[in-house]
Amino acid sequence: MLEIELTQLVKKVQDLQAESQTIELKAANHGCPTKLYDTLSAFSNQDNGGIIIFGIDEAHSYAVVDVYDVQDLMKHVTEQCNQMHPKVRAVFTTCTIDGNHVVSAEIPAQDVTDRPCFYEGRGRYKGSYVRVGDADEPMTEYGIYSYEAFRRKYEDEIRIVERAEADDLDRDSLLRYELALKSERPHFAQLSESRILELTSVLRNGKPTLAGIMLFATYPQAFFPQLSIIATRIPGTQIGEIGPNEERFIDNARIEGSLDEQLRGAIAFVRKNIRTTTIISPENGERIDTAEYPIEAVRELILNALIHRDYSIHTQGMPIQLQIFDDRMTIINPGGLYGRLTIDQLGTIQPDTRNPVIANALEVLRVTENRYSGIPTVRRLASETGMAAPLFENTRGEFRATLYSPLTRTTPPSAVNHETFNRLNYQTDSHRPSTRRKNRPEERNAAILQFCATPRTRREIADFIGLDSTAYTMRTYVQPLVVSGQLVLGLPGKPQSSKQTYRTAQ
Numbered sequence: 002m003l004e005i006e007l008t009q010l011v012k013k014v015q016d017l018q019a020e021s022q023t024i025e026l027k028a029a030n031h032g033c034p035t036k037l038y039d040t041l042s043a044f045s046n047q048d049n050g051g052i053i054i055f056g057i058d059e060a061h062s063y064a065v066v067d068v069y070d071v072q073d074l075m076k077h078v079t080e081q082c083n084q085m086h087p088k089v090r091a092v093f094t095t096c097t098i099d100g101n102h103v104v105s106a107e108i109p110a111q112d113v114t115d116r117p118c119f120y121e122g123r124g125r126y127k128g129s130y131v132r133v134g135d136a137d138e139p140m141t142e143y144g145i146y147s148y149e150a151f152r153r154k155y156e157d158e159i160r161i162v163e164r165a166e167a168d169d170l171d172r173d174s175l176l177r178y179e180l181a182l183k184s185e186r187p188h189f190a191q192l193s194e195s196r197i198l199e200l201t202s203v204l205r206n207g208k209p210t211l212a213g214i215m216l217f218a219t220y221p222q223a224f225f226p227q228l229s230i231i232a233t234r235i236p237g238t239q240i241g242e243i244g245p246n247e248e249r250f251i252d253n254a255r256i257e258g259s260l261d262e263q264l265r266g267a268i269a270f271v272r273k274n275i276r277t278t279t280i281i282s283p284e285n286g287e288r289i290d291t292a293e294y295p296i297e298a299v300r301e302l303i304l305n306a307l308i309h310r311d312y313s314i315h316t317q318g319m320p321i322q323l324q325i326f327d328d329r330m331t332i333i334n335p336g337g338l339y340g341r342l343t344i345d346q347l348g349t350i351q352p353d354t355r356n357p358v359i360a361n362a363l364e365v366l367r368v369t370e371n372r373y374s375g376i377p378t379v380r381r382l383a384s385e386t387g388m389a390a391p392l393f394e395n396t397r398g399e400f401r402a403t404l405y406s407p408l409t410r411t412t413p414p415s416a417v418n419h420e421t422f423n424r425l426n427y428q429t430d431s432h433r434p435s436t437r438r439k440n441r442p443e444e445r446n447a448a449i450l451q452f453c454a455t456p457r458t459r460r461e462i463a464d465f466i467g468l469d470s471t472a473y474t475m476r477t478y479v480q481p482l483v484v485s486g487q488l489v490l491g492l493p494g495k496p497q498s499s500k501q502t503y504r505t506a507q
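Take 2 as the starting number for the sequence shown in the numbering used here and just add one per residue.
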């Protein structure tokens, strides 16, 4: 980082009046902070690393204060970096602002194979941290395991299921698999069934593997009750809202069976619970039905979840979740992105595969192409059908894919109101709500109140502000105005109703 870049960064932090996912602030005007280990660990364990800025006092309106001694500060920070495993190699920059010395320490990301980076004095399980917004949180046991699983190439999908026997596998399904293999892959043509099943890791030493159970068992949930899909149709736009008859779910189901059966069951649930638009062709008078979401895109996302979820003992008690709201559909699978793959790389590179046995078997059975084309297909279909771009979110614990309904995107608010809100300079350096800038709250609130002179739904208010999340919109913007009495509910007796509206108090 150049000196001028540090000066600009300090100005930006003062404008935002906040730390962030990649920025930590320390005053350091009376000595070097003695416990930087959690931040050093957290920044090292995220793909973008982070920057610690010394010389900004968060407790005093983010004022620039003179660090106690530039050289001694860098020396003591380096000493703490050397107590991490692997050692952290901080890059220091200094600048002077209004006669006060400011120091930054850029903390680079550790390679995925070297994570988690932890404080040696507390050990791997107590000294590993992750960054959550502007806070450093202890890394979960599963988070630590996920790094070790990649580094050591654990093969959780082919661990033996001790309670199962080969007879628990469906004979017809195995026969179809064997015939498909012999047809497509000549090397298997002369092999016996038992040899084929051992070579493809459906069996190990005559016992079914987890992959074998999930692919071919008559009833896989007899061995893994939670390796299923929990599907729900939720009234409104957030969990907790209720429908007109006080129902929490319009529909809900536990979808079980083999992976192929779960895929078909989930698609059937989606078809049942999404809307269909109908038009009559002006050319030939034929009826044309269009599903709210492209079924091919839905299939790709569900299939991705089934193939790429984590099947380790840490997550085998966690089902995939399929949630359909009024304005979106979200699919959540246990286990974040595997290996070095990042959100930005989705669909652009060939990733490491967490479950190659399952992926290969489903390719043989013609369930998937296994050519890493799923995400590009989803993005293309969303664009072609006029949907908002799909959202992909990743943590070490889960991966979320969200499709947005084209039927609930309301007409943009009036140009005057929209420009008014834009002038509030609402901006962000990341996708995390905790780092969004909320300048001039009086003007911001005035714009919302002006917009709500006509009763507005949660979705309309979120669209006006420019947010996809109605939950965040409600929590951050709307609820404070309701509590202060500036906004009133259209249905005061049903605060969680999906039909709720908000209008400016008279």
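Please note that the accuracy of each hint is not assured.
Here are the simulated DSS-like cross-link-like pairs (lysine-lysine), alpha carbons at most 27 Å apart as the crow flies [said to hold, decoys possible]:
#1 K273 x K208
#2 K154 x K88
#3 K88 x K127
#4 K273 x K500
#5 K127 x K76
#6 K154 x K208
#7 K36 x K13
#8 K76 x K12
#9 K36 x K12
#10 K127 x K154
Computed Cβ-Cβ distance ranges for the label pairs, DEER-style [claimed, not checked]:
#11 Q84 x I161: 19 to 27 Å
#12 E6 x R367: 49 to 57 Å
#13 Q480 x D345: 30 to 38 Å
#14 R367 x H188: 17 to 25 Å
#15 H188 x S384: 20 to 28 Å
#16 R476 x D115: 31 to 39 Å
#17 L192 x I161: 47 to 55 Å
#18 E297 x Q451: 40 to 48 Å
Hint data in this document are derived by calculation from the structure and do not stem from the laboratory. Owing to the predicted nature of the structure, the values given are computational and were not obtained by experimental measurement. We treat Cβ as the ideally placed atom computed from N, Cα and C, and that holds for glycine.
How the hints compare with the structure:
Pair hint K273 plus K208 does not hold up; C-alpha atoms about 38 Å apart against a cutoff of 27 Å. Distance hint between K154 and K88 is fulfilled; the C-alpha atoms sit about 24 Å from each other, no more than 27 Å. Distance restraint check for K88 and K127: the Cα-Cα separation of roughly 17 Å lies within the 27 Å cut-off, and the hinted pair is therefore satisfied. For the hint linking K273 to K500, the alpha-carbon distance of about 22 Å falls within 27 Å, and the restraint holds.
A C-alpha spacing of about 25 Å is found between K127 and K76, which places the hinted pair at or below 27 Å, so the restraint holds. Using a Cα cut-off of 27 Å, the hinted pair K154 and K208 holds, with the two alpha carbons roughly 22 Å apart. For the hint pairing K36 with K13, the CA-to-CA distance comes to about 25 Å; that is within 27 Å, so the pair holds. The hinted pair formed by K76 and K12 meets the criterion: a straight-line CA distance of about 26 Å does not exceed 27 Å.
The straight-line distance between the Cα atoms of K36 and K12 is roughly 26 Å, inside the 27 Å bound, and the hint therefore holds. Only pairs whose Cα atoms come within 27 Å are accepted, and K127 paired with K154 is accepted, the gap being roughly 23 Å. Between Q84 and I161 the beta carbons are some 41 Å apart, a value that contradicts the proposed interval 19 to 27 Å. For the pair E6 and R367, the supplied restraint of 49 to 57 Å holds, since their beta-carbon distance comes to about 53 Å.
Remark: the range hint 30 to 38 Å for Q480 to D345 is upheld by a beta-carbon distance near 33 Å. For R367 and H188, the hinted distance range of 17 to 25 Å is satisfied, since their beta carbons lie about 19 Å from each other. Roughly 41 Å separates the CB atoms of H188 and S384, a value that falls outside the hinted 20 to 28 Å. For R476 paired with D115, a C-beta distance near 37 Å keeps the hint of 31 to 39 Å intact.
The supplied range of 47 to 55 Å is broken by L192 and I161, whose beta-carbon atoms lie about 21 Å from each other. The hinted range of 40 to 48 Å is satisfied by E297 and Q451, whose Cβ atoms lie roughly 42 Å apart.
In this structure, the earlier hints numbered 1, 11, 15 and 17 are contradicted, and the remaining ones agree with it.
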